[in-house]
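Peer 1: Using the sequences plus the hints, can you model the full thing?
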Amino acid sequence: MAATRARVSSFSRNVSTVTSQNPGLKHGPNGTMFISSGIPDLDKILGGGFSLGSLVMVMEDEEAPHHMLLLRNFMSQGLVQKQPLLYASASRDPKRFLGTLPSPPSSKGDKSSDISHEKDIRIAWQYKKYFGEPNFNTNSGGQQDYCNDFDLRKPLDRHFFSGNNVDCVSIKDSLNLTALQDYCAGFLGKLSRNEGNISSVGRIAIQSFCSPQCKYSNEEWHMLSFVRSLKSMARSSNAVVVVTFPPSLLSPSCSLRLQHMADTLLSVRAIPDEDKELAKLLTGYQDMIGLLNVHKAARLNTQVPVILEATTFSIKLQKRRFLVLECLNQAPVDGSSGSSYGTSGGCSGSTKGGTLDF
Amino acid sequence: MEQKNWNLLDEALGLHNNNAKPWPLCGRFVLVEDCVDTSAAFVLHHILKRSFSSYPSSAVLFLAFCHTFSHYDRVLRKLGCNLAAQRDNGRFFFLDMLMFQCPGEGKPNYGLASVFEQIERVITVLHQEKKSISIIIDDISFLEVAANGSSDDVLNLLHYCHTLTSEYGCAFIALDHKDIYLNGDRAAVILEMEYLADILVKAEPLATGLSKDVHGQLMVLDKETQHQHGISAIKTYDFHFKIKENGIECFYPGTKI
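Line by line, the protein sequences give chains P and X. The opening position of the first sequence corresponds to residue 1 in full-length UniProt numbering, with each subsequent residue numbered one higher. The opening position of the second sequence corresponds to residue 1 in full-length UniProt numbering, with each subsequent residue numbered one higher.
Note that these hints are calculated values from the structure, not bench results. Do not rely on the hints blindly, as some may be mistaken.
Stretch by stretch, here's where chain P covers chain X in the computed footprint (C-beta under 8 Å, at least three residues) [stated by the list, open to error]: (1) 154-164; (2) 169-176; (3) 239-245.
As a list, the in silico SDA-like pairs of lysine to any residue whose alpha-carbon atoms are at most 20 Å apart [claimed, not checked]: (4) P:Lys296 <-> X:Asn156; (5) X:Lys256 <-> X:Gly209; (6) X:Lys244 <-> X:Leu8; (7) P:Lys154 <-> P:Lys319; (8) X:Lys212 <-> X:Pro253; (9) P:Lys296 <-> X:Lys244; (10) X:Lys178 <-> P:Pro247; (11) P:Lys316 <-> P:Asp273; (12) X:Lys244 <-> P:Lys154; (13) P:Lys190 <-> P:Ala179; (14) X:Lys49 <-> X:Asp73; (15) X:Lys242 <-> P:Ala310; (16) X:Lys21 <-> X:Val36; (17) P:Lys296 <-> X:Cys35; (18) X:Lys21 <-> X:Glu167; (19) X:Lys244 <-> P:Leu308; (20) X:Lys244 <-> P:Val306; (21) P:Lys319 <-> P:Ile289; (22) X:Lys256 <-> X:Asn7; (23) X:Lys212 <-> P:Leu308; (24) X:Lys244 <-> P:Glu309; (25) X:Lys242 <-> P:Val306.
These figures come from a predicted structure and were not determined experimentally. Using N, Cα and C, we set each Cβ at its ideal position, and we do this for glycine too.
Peer 2: If you want it as structure tokens, here you go:
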């Protein structure tokens with residue numbers, strides 16, 4: 001009844017709350033539903049998560065496996081919430097990849113208290129009363145959360161993926177994509193959308209879709225029509241499809257076609273270890289492991305584009321365990337430690353005298 | 001005549017002088033081009049809305065390769081236009097091409113030929129009802145993928161659709177992504193379409209990057225505004241736009257308050 005009433009008026013604002021019947025779902029704007037990407041910061045950036053029925057494409061960095069971080073968290077989040085998962089990759093034994101998935105931190109352990117402690121001391125004590133009781137435990141542990149923090153150093157418990165809700169497909173030796181397409185069609189067919197409540201949502205993760213070890217990798221139109229049909233199938237089902245692909249191995253026009261097909265388009269990039277100039281420019285350069293770019297955010301059922309505050313984010317590991325995304329911060333120009341000002345300027349002799357130096 | 005606030009896009013497309021024809025785009029081919037950063041789908045939505053709300057004798061045949069009916073229904077509803085009702089009234093024909101795929105090598109042309117037959121069947125019926133018809137294709141690049149990359153087949157279909165503009169006085173509106181062809185790969189499709197187009201609409205991001213208040217810029221090129229003295233004057237319009245749920249805001253660069 002509530003659902004039909006909401007549809008009558010297009011002016012009613014949907015409140016972004018976790019639905020009671022399914023903790024993995026959140027109402028988004030325009031009648032869409034969100035599921036979590038497995039990274040709390042990415043959910044926040046995208047306005048709630050990945051929209052159900054959308055196709056998420058991740059452009060890989062050919063030299064670094066950063067796309068795996070996104071993929072692992074996406075898959076783990078689904079498994080923790082007992083959502084069906086279809087994983088396809090070009091490796092010989094895709095099932096083994098499941099052993100590398102991160103696990104949510106145990107609620108009884110000391111890690112969660114560690115986090116909350118660290119967050120606590122950042123809040124000045126005067127303001128503490130405004131925060132009330134610390135409620136950081138919403139993020140840690142507990143299988144009924146919308147989004148978990150995942151501990152990258154702790155493997156996921158076997159019982160999460162030993163059930164029959166996980167399908168693994170190797171696309172290494174298949175000559176074309178019809179087998180995978182049939183798998184996806186069968187998987188999504190079980191999750192087809194019907195009016196009313198959503199009983200279960202599924203996730204499809206396809207890793208390194210166009211990698212050269214696949215035998216179809218030189219048939220670009222075949223791959224494009226596969227992605228197109230995957231997108232069409234996803235539209236009418238309660239699932240999110242994440243595909244990672246290496247754009248540099250494709251022709252530019254093919255890569256652009258794939259980018260146009262994506263509802264949400266992300267790209268990851270590694271940052272070089274010893275880039276002195278970049279290190280000077282950005283704060284916290286040492287902790288960064290890569291950069292994430294948000295090129296497009298899904299806009300289902302609306303024509304208004306999603307304009308983000310920033311499109312480039314740094315990927316960091318908090319305490320070497322938790323994946324966090326942060327806006328890039330330009331480092332303050334530090335006159336006292338910067339060597340470029342004092343020593344290189346041969347013409348200015350009075351550098352020591354004045355604090356301002358032109 | 002009810003008060004309408006026509007915006008720059010209406011003016012550029014000639015939609016504002018609704019005394020002249022039952023549907024100002026009659027017999028014209030509008031090609032809309034965009035890129036990854038700036039989608040121009042809103043131009044199609046705008047034309048749909050104008051067609052239904054301001055021109056009572058118009059009808060639209062929509063070939064959807066990119067989005068579902070429910071997506072367009074929701075978008076247009078926020079623009080003040082009920083597609084489901086228009087469909088029941090026989091003014092909106094939605095061909096769902098999302099899962100359409102040409103069969104492989106064995107039977108060339110079979111798939112797209114059947115698509116055109118479908119189009120023609122609808123057009124002839126509508127023509128007898130004295131409706132002024134628009135054919136809208138929401139994504140040519142998806143059509144190419146559906147045709148397994150056969151540019152010739154795609155061009156054939158587009159040419160056939162284009163002939164309908166002179167044969168039945170239809171309007172033909174198509175969206176394509178310009179940046180795909182920029183490196184010269186299969187550029188024939190976009191070049192021929194640009195040549196044939198009467199009105200060219202190009203959407204680009206701002207050169208200075210995205211902003212919250214300006215979503216991009218549109219360039220509208222009208223190739224034959226007047227035929228005085230046998231000279232067709234090319235008229236261009238350049239303006240910025242901001243997309244909102246209930247419409248678009250168009251303004252000249254620097255004039256937004």
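Peer 1: Look at each hint and say if it fits the structure.
Peer 2: Against the structure, the hints come out as follows:
1. A count of 0 residues in the segment 154-164 of chain X with a Cβ less than 8 Å from any Cβ of chain P is obtained; the coverage claim is therefore unmet, three being the minimum.
2. Beta-carbon proximity to chain P at under 8 Å applies to 0 residues in the segment 169-176 of chain X; the threshold of 3 is not reached and the given coverage is violated.
3. With a cut-off of 8 Å between beta carbons, the segment 239-245 of chain X has 3 residues touching chain P; three or more are needed, and the interface restraint holds.
4. This hinted pair does not check out: Lys296 (chain P) and Asn156 (chain X) have alpha carbons roughly 32 Å apart, beyond 20 Å.
5. The straight-line distance between the Cα atoms of Lys256 (chain X) and Gly209 (chain X) is roughly 17 Å, inside the 20 Å bound, and the hint therefore holds.
6. Annotation: proposed proximity of Lys244 (chain X) to Leu8 (chain X) holds, straight-line Cα distance about 15 Å (limit 20 Å).
7. Taken as a hint, the Lys154 (chain P) and Lys319 (chain P) pair is honoured in the structure, with Cα atoms around 13 Å apart against an allowance of 20 Å.
8. Restraint check for Lys212 (chain X) and Pro253 (chain X): the C-alpha separation of about 15 Å stays at or below 20 Å, so the hint holds.
9. For the given pair, Lys296 (chain P) sits about 17 Å from Lys244 (chain X) by alpha-carbon distance, which is consistent with the 20 Å threshold.
10. Straight-line distance between C-alpha atoms of Lys178 (chain X) and Pro247 (chain P) comes to about 18 Å, which keeps the hinted pair within the 20 Å bound.
11. With a CA separation close to 14 Å, the supplied pair Lys316 (chain P) and Asp273 (chain P) stays within the 20 Å bound.
12. Straight-line distance between C-alpha atoms of Lys244 (chain X) and Lys154 (chain P) comes to about 45 Å, which puts the hinted pair past the 20 Å bound.
13. A threshold of 20 Å between alpha carbons decides the hint, and for Lys190 (chain P) with Ala179 (chain P) the separation of about 17 Å falls inside it, so the pair holds.
14. Among the hinted pairs, Lys49 (chain X) with Asp73 (chain X) is consistent with the structure: their alpha-carbon atoms are about 11 Å apart, no more than 20 Å.
15. This hinted pair checks out: Lys242 (chain X) and Ala310 (chain P) have alpha carbons roughly 19 Å apart, not beyond 20 Å.
16. Using a Cα cut-off of 20 Å, the hinted pair Lys21 (chain X) and Val36 (chain X) is violated, with the two alpha carbons roughly 35 Å apart.
17. This hinted pair checks out: Lys296 (chain P) and Cys35 (chain X) have alpha carbons roughly 12 Å apart, not beyond 20 Å.
18. Pair hint Lys21 (chain X) plus Glu167 (chain X) holds up; C-alpha atoms about 17 Å apart against a cutoff of 20 Å.
19. About 16 Å separates the Cα atoms of Lys244 (chain X) and Leu308 (chain P), which keeps this hinted pair within 20 Å; it holds.
20. A hinted pair counts as satisfied when its Cα atoms are at most 20 Å apart, and Lys244 (chain X) with Val306 (chain P) qualifies at roughly 11 Å.
21. The straight-line distance between the Cα atoms of Lys319 (chain P) and Ile289 (chain P) is roughly 13 Å, inside the 20 Å bound, and the hint therefore holds.
22. A distance of roughly 14 Å separates the Cα atoms of Lys256 (chain X) and Asn7 (chain X); the hinted pair therefore holds under the 20 Å criterion.
23. A C-alpha spacing of about 8 Å is found between Lys212 (chain X) and Leu308 (chain P), which places the hinted pair at or below 20 Å, so the restraint holds.
24. Using a Cα cut-off of 20 Å, the hinted pair Lys244 (chain X) and Glu309 (chain P) holds, with the two alpha carbons roughly 18 Å apart.
25. Only pairs whose Cα atoms come within 20 Å are accepted, and Lys242 (chain X) paired with Val306 (chain P) is accepted, the gap being roughly 12 Å.
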